[in-house]
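*Asks:* As given, the protein sequences belong to chains F, U, L, H, W and S, one line each in that order. Going by the working numbering, the first sequence opens with residue 2, and the numbers climb by one from there. Going by the working numbering, the second sequence opens with residue 2, and the numbers climb by one from there. Going by the working numbering, the third sequence opens with residue 2, and the numbers climb by one from there. Going by the working numbering, the fourth sequence opens with residue 2, and the numbers climb by one from there. Going by the working numbering, the fifth sequence opens with residue 2, and the numbers climb by one from there. Going by the working numbering, the sixth sequence opens with residue 2, and the numbers climb by one from there.
Hints listed in this document are in silico derivations from the structure and should not be mistaken for laboratory results. Take these hints with a grain of salt, some might be off.
[To be verified] Heads up, simulated DMTMM-like pairs for lysine to aspartate or glutamate below, C-alpha to C-alpha not over 20 Å straight-line:
#: 1; chain 1: W; residue 1: 78; chain 2: F; residue 2: 26
#: 2; chain 1: S; residue 1: 27; chain 2: U; residue 2: 60
#: 3; chain 1: L; residue 1: 101; chain 2: W; residue 2: 190
#: 4; chain 1: W; residue 1: 101; chain 2: S; residue 2: 26
#: 5; chain 1: U; residue 1: 27; chain 2: S; residue 2: 26
#: 6; chain 1: U; residue 1: 78; chain 2: H; residue 2: 49
#: 7; chain 1: U; residue 1: 116; chain 2: U; residue 2: 150
#: 8; chain 1: W; residue 1: 101; chain 2: W; residue 2: 250
#: 9; chain 1: W; residue 1: 262; chain 2: W; residue 2: 190
#: 10; chain 1: U; residue 1: 101; chain 2: U; residue 2: 250
#: 11; chain 1: U; residue 1: 101; chain 2: L; residue 2: 17
#: 12; chain 1: F; residue 1: 27; chain 2: U; residue 2: 29
#: 13; chain 1: U; residue 1: 27; chain 2: F; residue 2: 49
#: 14; chain 1: W; residue 1: 262; chain 2: S; residue 2: 49
#: 15; chain 1: L; residue 1: 27; chain 2: F; residue 2: 227
#: 16; chain 1: L; residue 1: 27; chain 2: W; residue 2: 49
#: 17; chain 1: W; residue 1: 27; chain 2: H; residue 2: 17
#: 18; chain 1: F; residue 1: 101; chain 2: U; residue 2: 275
#: 19; chain 1: U; residue 1: 27; chain 2: W; residue 2: 84
#: 20; chain 1: H; residue 1: 27; chain 2: U; residue 2: 29
#: 21; chain 1: W; residue 1: 27; chain 2: F; residue 2: 297
#: 22; chain 1: H; residue 1: 101; chain 2: F; residue 2: 84
#: 23; chain 1: S; residue 1: 27; chain 2: U; residue 2: 17
#: 24; chain 1: U; residue 1: 27; chain 2: L; residue 2: 17
#: 25; chain 1: W; residue 1: 101; chain 2: L; residue 2: 324
#: 26; chain 1: H; residue 1: 101; chain 2: W; residue 2: 324
#: 27; chain 1: W; residue 1: 78; chain 2: F; residue 2: 49
#: 28; chain 1: S; residue 1: 27; chain 2: F; residue 2: 84
#: 29; chain 1: H; residue 1: 101; chain 2: F; residue 2: 75
#: 30; chain 1: F; residue 1: 171; chain 2: F; residue 2: 129
#: 31; chain 1: H; residue 1: 171; chain 2: F; residue 2: 177
#: 32; chain 1: S; residue 1: 27; chain 2: F; residue 2: 17
Protein chains: 6
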Amino acid sequence: MRVVTFGEIMMRLNPEGYLRFLQADKFEVSFAGAEANVAVSLANYGIDVAFATKLPTHEIAQSAINSLRRYGVDTSKIIRGGERVGIYFVEKGASQRASKVIYDRADSSIALAKKEDFNWDTIFEGADWFHFTGITPALGGDLPEICIDACQSAKKHGLVVSCDLNYRKKLWSREEAGKCMSRLMPYVDVCIANEEDAKDVFGIEAPDTDINSGKLNYEGYTNVAEQISARFGCKKVAITLRSSISATDNNWAGMIYSEGKAYFSNTYRIHIVDRVGGGDSFVGGLIYSQLMEFDDQKAINFAVAASCLKHTIEHDFNLVTVDEVLALAGGSSSGRVQR
Amino acid sequence: MRVVTFGEIMMRLNPEGYLRFLQADKFEVSFAGAEANVAVSLANYGIDVAFATKLPTHEIAQSAINSLRRYGVDTSKIIRGGERVGIYFVEKGASQRASKVIYDRADSSIALAKKEDFNWDTIFEGADWFHFTGITPALGGDLPEICIDACQSAKKHGLVVSCDLNYRKKLWSREEAGKCMSRLMPYVDVCIANEEDAKDVFGIEAPDTDINSGKLNYEGYTNVAEQISARFGCKKVAITLRSSISATDNNWAGMIYSEGKAYFSNTYRIHIVDRVGGGDSFVGGLIYSQLMEFDDQKAINFAVAASCLKHTIEHDFNLVTVDEVLALAGGSSSGRVQR
Amino acid sequence: MRVVTFGEIMMRLNPEGYLRFLQADKFEVSFAGAEANVAVSLANYGIDVAFATKLPTHEIAQSAINSLRRYGVDTSKIIRGGERVGIYFVEKGASQRASKVIYDRADSSIALAKKEDFNWDTIFEGADWFHFTGITPALGGDLPEICIDACQSAKKHGLVVSCDLNYRKKLWSREEAGKCMSRLMPYVDVCIANEEDAKDVFGIEAPDTDINSGKLNYEGYTNVAEQISARFGCKKVAITLRSSISATDNNWAGMIYSEGKAYFSNTYRIHIVDRVGGGDSFVGGLIYSQLMEFDDQKAINFAVAASCLKHTIEHDFNLVTVDEVLALAGGSSSGRVQR
Amino acid sequence: MRVVTFGEIMMRLNPEGYLRFLQADKFEVSFAGAEANVAVSLANYGIDVAFATKLPTHEIAQSAINSLRRYGVDTSKIIRGGERVGIYFVEKGASQRASKVIYDRADSSIALAKKEDFNWDTIFEGADWFHFTGITPALGGDLPEICIDACQSAKKHGLVVSCDLNYRKKLWSREEAGKCMSRLMPYVDVCIANEEDAKDVFGIEAPDTDINSGKLNYEGYTNVAEQISARFGCKKVAITLRSSISATDNNWAGMIYSEGKAYFSNTYRIHIVDRVGGGDSFVGGLIYSQLMEFDDQKAINFAVAASCLKHTIEHDFNLVTVDEVLALAGGSSSGRVQR
Amino acid sequence: MRVVTFGEIMMRLNPEGYLRFLQADKFEVSFAGAEANVAVSLANYGIDVAFATKLPTHEIAQSAINSLRRYGVDTSKIIRGGERVGIYFVEKGASQRASKVIYDRADSSIALAKKEDFNWDTIFEGADWFHFTGITPALGGDLPEICIDACQSAKKHGLVVSCDLNYRKKLWSREEAGKCMSRLMPYVDVCIANEEDAKDVFGIEAPDTDINSGKLNYEGYTNVAEQISARFGCKKVAITLRSSISATDNNWAGMIYSEGKAYFSNTYRIHIVDRVGGGDSFVGGLIYSQLMEFDDQKAINFAVAASCLKHTIEHDFNLVTVDEVLALAGGSSSGRVQR
Amino acid sequence: MRVVTFGEIMMRLNPEGYLRFLQADKFEVSFAGAEANVAVSLANYGIDVAFATKLPTHEIAQSAINSLRRYGVDTSKIIRGGERVGIYFVEKGASQRASKVIYDRADSSIALAKKEDFNWDTIFEGADWFHFTGITPALGGDLPEICIDACQSAKKHGLVVSCDLNYRKKLWSREEAGKCMSRLMPYVDVCIANEEDAKDVFGIEAPDTDINSGKLNYEGYTNVAEQISARFGCKKVAITLRSSISATDNNWAGMIYSEGKAYFSNTYRIHIVDRVGGGDSFVGGLIYSQLMEFDDQKAINFAVAASCLKHTIEHDFNLVTVDEVLALAGGSSSGRVQR
């Protein structure tokens, strides 16, 4: 089984610990991006996975590639060229103080990539699954067309296509997103979203949900998934359910909607180490569970347990093994020392 | 609007993370002091604020000044001379282990300053508000007289005067404090205290309050504020209400007593990053809300939200903006990532 | 009063903060071992305590010795020779992610030590108490016989003997442990265990206890202690009671069974900094309380408060003073700043 | 005496110590730029100095401003707006391995600034000296015209104008530089260059100089300065003379050409801590010596001693005092401990 | 062109900077070994290279693998099993204080590997070159036979075989080394050594060389190479020439003996950052130059320039590109900043 | 053989690496003092050594004690009491930038100690050698009298007395020093000085010596030693000979004058890691060589080699073994890796 993900990988810079940007005289350096994060998740589960993007030739870009190789992601499909690696700055929140992200990603090599940079027939050689997110077309330029190219090629080669809506208001307006994503969704077999995404991008909304409260509206989520599925013909729709008690403590759960039925995971109360990349780790778990042909309940349990663990790991990559996820999904959440 | 604060700025040395003093082979270095902390709060809110003190000419003192300039505090009123910068060591507690502070502040330049070092007419030029705390006269030597000088000059120039009682038992006895503070209070328009201060300094006490429990005695606090107001003629009395569940988790609230009426804020359950400077950040928020002429309820909400955020920030300075405080005071406490 | 503890001291290597092994490019270095940890606890309480072991002559071994001397442990009884210092790697868990320990301790100097390396008459000169744990005989080779030698000599010289069962499944099987420990237990006056130990080593079990739940089975623990006491004639049996809510939050309590009666401590809800060494710090507190002849209730309170504090301290050693433990045992658990 | 400098301030990111980019998982964060570095030098010498630029409103930009305020630079002339702070990455070389700089500065707020952003009459209020470098017009867009505006306004208000040629081949071609700088030079009273700059920008060349050898061609440099002075009418031309033995050891000297005569400093053999910003620190020393009206020999000695010290200081800013520079210029180069 | 190297990869632990072992409370963690270092060199030069060894399945071993993958080494030939990763501790010397290495490598997975663990026909599939060093057979157990197996298989498949003598007196005696290496040398086409190795292993000696002086005995080295070549029939013999002025400054050169003629490189005076792995980086450069079919003079120049650069890089891996090596070999040694 | 040293131990705070005070937001913490440094040297050589002083009871003071215990110094003679531990700040110089030391040591516990705090008969029990330096009486208050007490008691008990003149101009004037030290010198058997000390304290001067040049005036030093010996009757006078090429490179040698004859060591060219404590490490080596009854040439060689090594070690303590010193003194200065 081979997966290809496609998107941007950025340099992530964050102050150490709980320091604010204004206090930092050091930044931790890592590399991340929605689709790269998914690739690393899958590589950690032992899946053959390649990440496609465009990156410059200089050492900063090489470091991005090395960060993927380190965890076993195939980087041979990465095009080299252009000038810059996108950057984002993360300030970790705590208690009532929210985390902050400042993006400096404009004009990166991938954002300026051209249609002809990518030969999808070659990229998808031997692949079974293609994943991208709504961030990739949102980068603008040729990217919407490149994504359509990719989806068409994927379908031609018989790949399953998954897409995480991942709406980013700083990258495009709701109208732009809605228009573009509506062109892409018909190729998508497995759609991942959170409730806000569905509303922001497609205006699909569950009644009576307050994302800042702790209570879940089970029916509402089912309804949202149903609507997405109905409108675009996705086989499965998965939704992450976060309720934020504070920047330090969150409740986390998920659901998958499949063949007219919704399956909900348990809810984990998480004491957060780093929540950036949480959604991507859910996708990583979900794709793995599809490749392994887990039944829907096991699939959502696996995906949520995987992403629960991500919240306890620094930086975006979800460095967990299948055994660790299965142990948690199986109920071992007490955190006793493993000797 | 221009504010002047006056007091000591010390070097703060603390082990990294949760290391105990005995384990430390590095100390984080910052500079802080009750009145300097208030000045930084105000500078972050965009207020023109100067901090007055006396500091040596060497590089350690220069670093103290630079730490204030960095955040926009006017340091041109600082007198240079004397030998040493006071020091305090902070060990961060966790769970049942309390934080520890060891002071090494005797004989600092400010503690040995002379009356003639400070020309208050010059210092208060263009100023609208003067703030000091009970720590400054507690430094001894000429400081009680210098504080009286300052208060008299402030009054002469029409400044509002605020004072945080801030009783420190290591600096003076209750008797000394009571005697000296009773001379200063008649100049004070806005008095800030916690319940212990009022009792320690003036013997003013609310019945039935156990500071180690989690429950607040609303009537008791109103009564304390009333007594202070009645005895010294303060226009407003503000009280911080901390209940310490553990070194890691505190409940935090505040009240303001104004024209015979008490206004209480919401109570925040805080997962603490660093609580030193929490009281000063309350004062910073309170003075800002007075300068902005917020009504009393909004004022106490702002001051408490500001100081709630301080507990999530390393070191003493409260590095938050007006927007961040307003967002929390307005109810956005879920800590969701700001992208 | 002089105590001697005997066992292995290893190099402990752990990534900084919550980094996983796979992310680490630095390890914090400390030295620890069940019996060494107890020695440091006692030294911090002002007790004259020596730690006996065998260590190489190189600088890594010297660093192990220095780490003990630093906190006042007498290291003059340590034999020098052999090739290696055992190592263990610790990865700190968080929330639902469990802590991990990887051992690399085979063939250390102490594991390969010979009976003739230790002259117990000399080692016990002037001593009143001897402590070891089940880990020491589990190291294999001559160690079971060396432990028996030590116990016999201790008895000959009139020392009280305490033993923490500390079953380690990576070091020996339950059968081996049961057989060997059954030979040693007749010399033991004070036995320390957790419920799992008793079951693993001796098949002694309390009915209906789920160590992953939060509820304590008071009668069950009493029953286990009774059985141990009855089978081997121990004067006192102490049991630690941990319920793991998550890797970050644990409940922690203890009991002591003495002359047919069980005394339980309060239960502390602990927000964990580092829980490795928690059991050893309980033993340290327990031995201290026996040396001080505290009554049984005070003894268990002291031991549990001591080990509660350990959970808030980085690395294995419990760097607390008698005053700090007494303050917590006396009810001061709110963690207010000590100025 | 008041100085204004104008240009870009960037975020500087460098791995710790001698780590290569490929090894870094932390970057040290500082802020720097040719003209900002000069401003900090002057502030450290006690000169009233303002830095003008355009910066976004976010926290990364605020950190840049704070880094200037910290050392006493007036930042009130900085315009806020635009999206990004330029970034450059520095990898410190050693011995035969050269240092590397990777720029990511395109589309910064200042590079996209508009003519109308800057009101030079206001900016130059009360100023005596204006400094900029060839990097500022090289940023492109409106910058060449903004620089001409600034120069004209400076002249109108009677300011002395200094310019460091600072040719950067990554920003513009030699032709572009020559054309633009030839328009600006007529306003320049004091020109600073290294021999490469003069050749790259104006084709002015000294015969027989090999910048990689250690020998200085005194006559050649005099000739270059003469030509610059003759062509553009500068009153003084100063040239830095670096001979690079290795990335670790450099010889460093300078000359000033004034009224037909060249004055050379001593040559310092420097064991380098950080050489980035070395040229800017020379300019800082030179401007100071002009403001102080040092004679030409003393001026070049001061400027070279100042910049010699810079090479021993981490990051771009030259954090030295007048006394320290004078001591070195006066011959005290043995580095004995100052107690 | 594909290269396979075979040997041990260990965890390297070193204190930060110039701290001694006794001062360290942190270790930098990297992974290294003579043959792994060569593999990384080659991967950095763009060569397809696999490293073969045996490693456990735990996270410490996985980290070793990840450190190779990060730099592009194929790790698919690594066998998983056994218990431990060998460790070595490095203390960096300075000036008159020598660097120290403490090995803790006994009983690693590779040292205990069995002949049947390695299927050389599979491992050498598609390969052109096989490299190992004298350390691998010195690990004992089955390793000498495994090396003979490997050499025979390499020859059968037409691979060039290179071997670095790398005598380690802590691993085996001169007699053992001589006996074993004499069996392996007949398979070796390219032999690398330093003068001590040749003497230690084979008793081959150049007259009058004092490795602690700075002078090179050109004839002596030629003579040593001639003897090696003559005795074992190697096509090329390369020798590294180090003269140690101090722990901080070394002279470094090399020679290659080929078809009866010796070619010497320039000598570099190196200010050292980290000299561990210097010899391996020479081998990496040499193998690259053979794969590229450089002439002998160019080959030795490349190998020495490559290893000169290694001395300026932290940890064992030589993270340089072909361009960087060629630039230095081409004479650009002044270390001027590359912008 | 047992040695007692007496003086102050301070907290040393220094920025990391080459950062200036103004840049530091972390300080490395260690503890040091002239006599404490000597004690640690001797403990490392295996000598039974106690350090006497007075220190507070708080954790900062306890850390000072622990830093001595760690390296094996007997701290049982330390009196507890008073308020503060003296502090000094060290900024490491480089190249032409000198290191800086800022003292904040006034009113430490030892400086305020009283005559009756020290019972010298008890302190000297079992001791053979007493060492102090001119810094101890320079602390003022009772210290001069306490030193005389100590010397008299030492003589009474038959101890050899050594004193390092160690003149500190910030502590006392030349006149005060001369007067006090002249009272103490008659008790001193072994006097250690540098040429400046002799001149500053006693006006004893060698003609024609420029301490900033690199040349040694052998006759001059002999003459100084002769004068000291003649005036006070010391048996041996040892002088350290430093010539400072830069803050990074120093020449270092020493001489001992004994029975009318001067013995000079070799001169070491040292590339410095940390030179603070260099003189104390010379004393440590000298006392060791006297206790071992080395002949005068071997003694001076040992002391200079020991202190040469100190310059390569971070912080004040000279963490070297007898074997390491002997190896260097025996000529092994090339710094080759010790495997």
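*Asks:* With reference to the structure, classify each hint as holding or not holding.
*Replies:* Here is how each hint holds up against the structure:
no.	hint	in the structure
1	W/78 / F/26	violated (42 Å)
2	S/27 / U/60	holds (15 Å)
3	L/101 / W/190	violated (47 Å)
4	W/101 / S/26	violated (32 Å)
5	U/27 / S/26	holds (10 Å)
6	U/78 / H/49	holds (16 Å)
7	U/116 / U/150	holds (8 Å)
8	W/101 / W/250	holds (16 Å)
9	W/262 / W/190	holds (16 Å)
10	U/101 / U/250	holds (16 Å)
11	U/101 / L/17	violated (23 Å)
12	F/27 / U/29	holds (13 Å)
13	U/27 / F/49	violated (44 Å)
14	W/262 / S/49	violated (61 Å)
15	L/27 / F/227	violated (48 Å)
16	L/27 / W/49	violated (29 Å)
17	W/27 / H/17	holds (16 Å)
18	F/101 / U/275	holds (19 Å)
19	U/27 / W/84	violated (36 Å)
20	H/27 / U/29	holds (18 Å)
21	W/27 / F/297	violated (46 Å)
22	H/101 / F/84	holds (16 Å)
23	S/27 / U/17	holds (9 Å)
24	U/27 / L/17	holds (15 Å)
25	W/101 / L/324	violated (43 Å)
26	H/101 / W/324	holds (14 Å)
27	W/78 / F/49	holds (16 Å)
28	S/27 / F/84	violated (36 Å)
29	H/101 / F/75	violated (28 Å)
30	F/171 / F/129	violated (32 Å)
31	H/171 / F/177	violated (36 Å)
32	S/27 / F/17	holds (14 Å)
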